[in-house]
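Student: Starting from the two chains in their separate frames, assemble the complex, guided by the hints.
Sequence order for the protein chains is G and C.
End of the first sequence sits at 416 in my numbering; the numbers just go up one at a time, nothing left out.
End of the second sequence sits at 1290 in my numbering; the numbers just go up one at a time, nothing left out.
No lab work stands behind these hints, which were simulated from the structure alone.
Only pairs whose alpha carbons sit at most 30 Å apart, straight line, appear in this in silico DSS-like list of lysine-lysine:
1) Lys44/G to Lys347/G
2) Lys1056/C to Lys413/G
3) Lys407/G to Lys1047/C
4) Lys1122/C to Lys231/G
5) Lys1056/C to Lys407/G
6) Lys152/G to Lys1133/C
7) Lys1047/C to Lys72/G
8) Lys315/G to Lys347/G
Partial list, computed: chain G residues near chain C (C-beta under 10 Å):
9) Gly183
10) Asp239
11) Thr379
12) Val390
13) Asn395
14) Asp398
15) Lys407
Since the structure is predicted, the reported quantities are computational estimates derived from the model, not experimental observations.
By construction, the Cβ of each residue, glycine as well, lies at the ideal position given by its N, Cα and C atoms.
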Amino acid sequence: MRKFATLASTLALTSAINLAYAGEVEVLHWWTSGGEAKSVGVLKEMLEAQGHSWKDFAVAGGGGESAMTVLKTRAISGNPPAAAQIKGHDIQEWADLGFLSNLNDVAKAEKWDEVVPAVVTNVMKFNGDYVAVPVNVHRVNWLWANPAVFEKAGAKIPTTMDEFFVSAEKLKAAGIIPLAHGGQAWQDATVFEAIALDILGSEDYNKAFVMHDDAVLSGDKMVEVFTVFKKMRNYIDSDSPGRDWNIATSMVINGQAGMQIMGDWAKGEFIAAGKVPGKDFVCLPAPGTDGQFTFNIDSFAMFELSNADNVTAQKSLAKTILTPEFQEVFNLNKGSIPVRTDMDMSKFDSCALDSMATFKASNTSGDLVPSMAHGLATTGYVQGAIYDVVTNFFNDPDGDPKETVTKLARVVKAAK
Amino acid sequence: MFNTLQKWLPKIILSPSIFLVTVCIYGYVAWTGYLSLTHSRFLPNFKWAGLLQYNKLMENDRWVTSCINLLIFGVLFIIISIILGTLLAILLDQNIRQEGAIRTIYLYPMALSFIVTGTAWKWILNPGLGLEKMMHDWGWTSFEFNWLVSNDMSVYTLVIAAVWQSSGFVMAMFLAGLRGIDSSIVKAAQIDGASMPTIYWKIILPCLRPVFFSAVIITSHIAIKSFDLVTALTSGGPGYSSDLPALFMYTHAFTRGQMGLGAASAMMMLAGVLAILVPYLYSELRNREQ
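Isolated chain C (complex conformation) (with noise of 0.2 Å):
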């Protein structure tokens, strides 16, 4: 009696998570999948259109500007706030005072959400609002700085504002490997007559790898999902010029009332997030087996 528990307990347990993933993930997917095969505009329906959604998409400059954006975006994000962040944990670990409080301050942006980050960034680099205003307030009259309503500038503002967010959550990240990382091994390099800048890049960020595995992959799907950040700051204006992804397919399903479009560009993003990170995370889980 007990045995057969034991053997069917963990799998009983399992089975409703299983059984969630599979319809609310596997299977919306697939049912986003079938929709963009399909004429539906304003509800589902199920006439059949085969590709051309999918040739509609390739054709629609809003779709081909929103992922130009995310590529300028997302490579951005992930390098400056991995390069930031690990800055900022090494010289945090260097035992200075109240590197408690420190830490905090770096880390708080995180608790916020995007939305909030958003509109206050919003406020910040709006030229006539911010910024810019107060610079020419104090007298510095040439100061400029209006990439938000530019036309060309405006998808770095998101750059900045999501760095803001979640550098200091990578900082958290790779000072936690930081403080994981034998001291010993330091203090031979150190006898041995290395200098601290090669200790770090020779010896310590090296053993940081898994670190940075993990930094980019969660920094790499906040990129992809980006959707309240860019609603927030600029709705994907001026005109469509700093749209994403996330932000045409709500657009074109819901408020639009093209489905069909609006699940085929979802299924791009999907096909674009598995091209990216399937081969990434098989190269990296099979070195670590190795």
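Next up, chain G with everything else stripped away, as it sits in the complex (with noise of 0.2 Å):
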């Protein structure tokens, strides 16, 4: 009661103060859905017990294409709104051609070089500068599996590449499709950079999907990275091309596929289907990739505006986002985990404290390595290239992995 009190007065004081210049935000972003419109309700109502009133600007249609689109037109008629959902390398492109605000003194103020690790600040950063504020961390090297399918099958749920074909086999023989999937780009690739991490390390995948180095791209290390992904194709059932992931997961909750490879949003699926985490269904790191962590990160990037009281708002905004508070709160709803490593875990699940463990051990390890696939990686022109390449050779049965990696490179170089 003593704290609720403490918040409140804290509450009070800071809408009082702010109350003089209290501006607007308008927010773009595309969390429509079930716990993700929740999680910006929280924010809103954060922001507005400071005395600031809230625009939505929601687009909807998950990837958020159709928000960017209309994110360009507003941006170049010179009406941006204050802050849109933009990620990974797209910041970097926005803030290049001057259309982001500098948040240095908000970073400075609330110490979030200190408590949010380097490897995310640098995909907020342009040139040093803070330009954008990181929301959750989610991990993409899960694998989900339904133990009871699992038991009824005889097969051990795997922790190595090796140990996933075996339990495949196993779960194939017993009339189970081992591995639940959709055939979309995104979701081919998701699994290649599972298979990647494991086959390459953590440094080769860096190399590959970071620094695009030719010899590790075209390498016969990569060859078996194409290998095994074929051989992977296998255990996927024939009508997978064009499915929803969350279609995919709901073939493992019912138990008619054993498990899937997907980032840690599927986990909301399961919740929402009434299961429990660690009894009906299990996340474990992707085949091979125990203490590797592929991290995708989803942010506020702040535009520049014109208007003093919107700036402060917007200030605020920057700052709410990156509190405890909403930290806490927001990722419970989505699934992921919070970006900052100091806070109190005790209301999140296993998997997200599995998660949140792995964070905290591989940003000091070397292990902590951006998603390729979710556009943390590298620029959209690489990755677009990367993902015909893979999803191509994904579904062509005479798909050779050697020309494979010798494309893979060429239109690597071509798209850089």
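Tutor: This is the structure:
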């Protein structure tokens, strides 16, 4: 109760101070479904408690493609929103065009550099200046499995790539689809990067997808990655092309399929179906990637505004996003983990705790790598080029791994 | 006064639309052409790139695949829908009962948008959901129809859906053409002892040449601008095996931030349309004048 009173009085105090120059923030986002919409609602309330007004600018459509089109139009016409949900390398693109505003003063006052790992802040900075605020961290290299199905087939939930194929064979023999998958380019790339992380190791993964080292891209290890990737195709049902990721997740939930390689947003589907982590479903690192962490960070980029009151509101928004209170509520709803490493994690479930532990450990061991499939590792151009090679190879029964790596190196070079 | 008005009125009335066409069609064509020669990525910029984007385009496997797909899709779609449309029109023209009702049934698919057609056919052709599953449930377990999820065959599913949608429309065009043919010619031929197939083949169909012309023009532009159908039916997949140039252009210009490359592909599409349509239009129109 006392804690609540302190909180209430601080809020009252801050709002009293801020009321003098209350501004409006317009926020472009595409979090319109279920848990995501709820999370945004929390941010809105917290900002309104500080006396600012919130103008919601939600553009529906999962990957945010339509939102980006709208944003470009608004930005070119000189009327950008205060904040927009932009992530990864796109932040650099926008900053390079001179649209984003400098947040260094907020970052300094709030000590962002101390509480957020450098891998994360690097994505948020352009030429050393903060231009965006991280909201959450997703781990992409997860394997989701239904233990009941494994028990029925007499198989073990795999932790290495070899075990994966042994178990997959058993599941297949028992008439269960071993791997639930949706045949869309980004999902193919998600599985591909999990295999690459295992076979190449973190260092070569970075060389290939961040630095685009020709020798690694066309090397023998990469041939092996593609060979394993193609082998995995045998354990996916033939109807997968075009399937959405959440449909694939529901196949694991209802026992039609044994496992799925997908980021931690899949947890939301399990929870929504009333399943309990550790009992009805388990989350493990993707085969062979224990201790490694492929990160995908959602963030808000802050646009340069002319109205001084709105700038104040914008800075409050930036500050609020990184407060422990918001980080907790938001990430509990979203299935991801907070970007702050100094948080009390008592309310989070076992998957999130595991994720947080790996996040901290991998940050020091060098096993924390950006996700290629989700636009954190490289520019959209190179990412698109890799997508094309990967998805084409995966779907072409005659695809040859050796030829494909040569092609991969070539297209990456061309797109750079 | 009245004379001046009469002289200027048509020009005044036409000028807004001429202005709009100049700016919104030719102006933007020129603008796209200019962008295709720049380094435009995320947003338009004016760093001169020469023919770089065109070189990149030619080396891009996905672009080559999408052009081949357009060729397969376009040719099959135009030929099949015209043959089917003509046949349906001829059969309907035999003074059958309930012609109006049947005509409406065949014409109805045209009232749907390609998004609806694409989604419906996606369900029908999905092996785990539609036709194949139904046959399996009925006991015909060896039945297989997995074109939608097959790398080699997916482009043909586009043909199926597009033909289903458009052949009724082609039928209506031919039916109108058939009704316009002077029945005395047919009667004269019958008196001369010509059989019905001969009459159709030698007399009626040649008379319908202008209808063929319109049908080819209309269906070929449907084929080239096909975007919604492929988006709804296969999204270019599996992989990018059923990609079409319009989808390629949209993906690169708007979602991958490669506006220069997208503009280059748009210009290539325009060039393709002109290369096919202009000679055809020219020869048809010249023939008609003579």
